[in-house]
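*Asks:* Chains A and B, in that order, are what the protein sequence lines are. Residues in the first sequence are numbered consecutively from 319, following the numbering used here. Residues in the second sequence are numbered consecutively from 5, following the numbering used here.
Just so you know, these hints were derived from the structure itself, not from any lab. Heads up, some of the hints might be wrong.
Derived DSS-like pairs: lysine-lysine, alpha-carbon spacing no greater than 30 Å straight-line [what the hints assert, rightly or not]:
id, chain 1, residue 1, chain 2, residue 2
1, B, Lys245, A, Lys591
2, A, Lys364, A, Lys434
3, B, Lys229, A, Lys434
4, B, Lys107, A, Lys455
5, B, Lys251, A, Lys591
6, B, Lys36, B, Lys197
7, A, Lys434, B, Lys251
8, B, Lys245, A, Lys537
9, B, Lys54, B, Lys153
10, B, Lys24, A, Lys455
11, B, Lys247, B, Lys231
12, A, Lys529, B, Lys149
13, B, Lys235, A, Lys537
These are the residues of each chain, in order.
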Amino acid sequence: MSALLIAEHNNKEIRPFTLNAITAASQIDQDLHVLVIGKGIDAVCKSVSEIPNVKKVIQIDNDIYENYLAENFTPVIVKQAENYSHIISSANTFGKNLMPRVAALLDTSQISDIIKVISSDTYLRPIYAGNAFATVKSNDNKKCITIRPTSFDPAPTSGGSAEIVKADSSEASTLIKFVKREEVKSDRPELGTARIVISGGRGMASGDNFKLITAIADKLNAAIGASRAAVDAGYITNDHQVGQTGKVVVPDLYIAVGISGAIQHLAGMKESKVIVAINKDGEAPIFSVADYGLEADLFEALPQFLEELNKLNTIQK
Amino acid sequence: MKILVAVKRVIDYNVQVRVKEDGTGVVTDNVKMSTNPPDDNAIEEAVKIKESGKAKEIVAITIGEEKAQETVRKALAVGADRGIHVKVDGIIEPLAVSKILQKIVEKENPDLVFMGKQAIDDDCNQTGQMLAALLNWPQATFASKIEVKDKSLEVTREVDEGLETIEINIPSVVTCDLRLNEPRYASLPNIMKAKKKPLEQLNATDLGIDTKPRIEQIKVEEPPKRKAGIKVSSVAELVQKLKNEAKVI
Ligand SMILES: Cc1cc2nc3c(=O)[nH]c(=O)nc-3n(C[C@H](O)[C@H](O)[C@H](O)COP(=O)(O)OP(=O)(O)OC[C@H]3O[C@@H](n4cnc5c(N)ncnc54)[C@H](O)[C@@H]3O)c2cc1C
Ligand SMILES: Nc1ncnc2c1ncn2[C@@H]1O[C@H](COP(=O)(O)O)[C@@H](O)[C@H]1O
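Work out the full structure: start from the sequences and follow the hints.
*Replies:* Structure (structure tokens):
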């Protein structure tokens with residue numbers, strides 16, 4: 319049987335993590351079909367059909383799917399699932415919200431957040447905030463899997479020409495109503511996919527002080543992250559949180575400023591290629607994962623950092 | 005209104021978890037255990053709703069080995085009225101937990117089920133959504149704000165893009181984020197009083213639920229360690245290293 323990936327998109331374009339999930343899904347089964355559920359999604363389906371890994375696109379288009387409510391998505395996914403051995407999505411808030419609802423109705427024990435495909439039924443996944451890696455094998459007939467997107471490269475987006483078939487929608491749930499979404503718009507690279515991330519913690523001491531970080535992010539074309547303490551204190555919005563209960567990032571360069579390095583924060587960034595820590599406490603645990611540690615007061619170090627960057631002739635973007 | 009709150013006993017979040025040498029799991033002997041952190045937020049929210057007069061009864065439930073009762077006692081000490089412990093030994097997967105909770109919901113008829121968004125041991129983030137599916141109830145996951153209305157809840161959810169607000173009918177399942185509220189501490193007199201509150205004990209087999217894991221845990225190992233880094237003495241040195249040694253800027 320084939321594998322079915324549930325695409326994440328915003329009704330206009332696919333969200334970048336869908337591409338990483340497609341890579342993982344085609345390692346599980348090369349006969350990969352993608353299910354796109356949404357409102358007015360012709361363009362989304364067309365772009366998915368051009369991904370070479372994708373063998374077939376199933377389009378379910380109806381106004382009731384505009385806001386990705388799991389209550390509305392689940393019945394059509396469960397129906398499509400008859401023809402598939404694996405149902406797959408990315409392990410971000412979209413897939414986390416949706417997949418267990420599908421798995422329960424298929425009577426399948428879901429495997430969340432895999433970081434490696436060992437075989438079509440065996441996977442590697444982190445547990446205990448990444449303090450241990452478990453190799454797990456699913457013995458269910460149908461498998462529901464979510465993918466940690468940052469552990470897989472994005473699939474190429476052109477060269478394919480999969481057929482697009484339409485499928486029927488179901489009734490809308492009367493139990494739930496979408497009210498609003500407060501999206502934080504920014505011109506910066508997305509936190510999940512940025513090449514460089516600079517994050518601030520409680521040491522920033524105020525939301526206003528984040529302008530020191532913003533200035534450097536502008537210079538490096540970096541995304542901005544934060545510890546939970548910084549979000550809880552209201553310095554910055556929740557979509558910036560990196561960690562066990564926030565986002566996982568694996569940039570080429572991660573700069574942690576005024577962050578102590580609690581295991582829950584490390585869970586979200588310790589796979590980064592190069593880690594820099596700026597902290598005035600030389601004993602802070604963040605230094606144990608940092609390739610380059612600078613023991614300094616951030617209020618002196620950050621302006622100097624900007625100054626040094628300004629001196630460089632070229633900066634990689 | 006009646007609220008059922010699911011609380012799980014896990015290794016305390018401050019413990020540095022160690023992997024067992026034989027690869028069968030992590031060390032739990034003589035390790036401090038606590039309530040899964042967001043489950044404390046779930047209890048706190050239920051207690052606040054009760055204090056506001058909108059709920060009459062809070063029932064706390066845990067599923068696990070004998071000692072898991074401690075988490076229920078703690079919930080009773082901060083304001084739950086009654087406890088249920090469903091005894092299961094060994095690993096129990098979210099699917100089986102949600103089936104047990106479904107049976108309990110059918111028996112207890114709560115209006116709301118509150119739980120944590122994620123258990124910090126298995127990091128599954130599944131149980132609430134599974135329960136909602138089995139009951140065919142609406143779900144509000146990752147809740148950071150809950151407003152109780154007449155026959156519905158308005159819930160603000162933390163999603164990757166920012167915040168989302170939905171309105172769900174009662175009955176429903178809500179999974180709580182850590183930012184939902186500030187859990188209170190139990191006072192000594194309340195801890196003493198909690199010892200007298202009723203705690204019912206059941207077996208998963210009494211409920212007719214098969215809890216045998218469907219997922220085989222083949223091995224548990226330590227993640228690869230990072231190579232030790234260096235300390236730099238100045239910002240100039242840092243920038244020079246990033247440019248010429250690491251070649252990332
Ligand atoms: C279930 C659970 C889940 C969690 N999930 C997450 C998560 O996803 N992400 C997350 O980040 N946390 C998470 N946490 C919280 C985590 O345990 C820590 O509390 C949090 O990461 C601490 O944030 P911090 O490092 O910014 O603050 P602190 O630990 O207070 O550290 C601040 C640091 O700033 C330094 N500092 C202060 N002033 C200066 C200065 N002027 N110059 C330089 N350095 C300075 C200090 O030396 C200190 O090291 C979670 C906790 C729990 C219980
Ligand atoms: N064994 C259990 N007993 C009680 N509640 C549980 C149990 N397992 C999971 N839960 C609830 O489900 C939530 C999510 O757990 P999980 O799906 O394992 O990440 C937890 O925060 C608890 O509220």
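*Asks:* Does the structure break any of the earlier hints, and which numbers would those be?
*Replies:* The structure conflicts with no hint, since it agrees with every one listed earlier.
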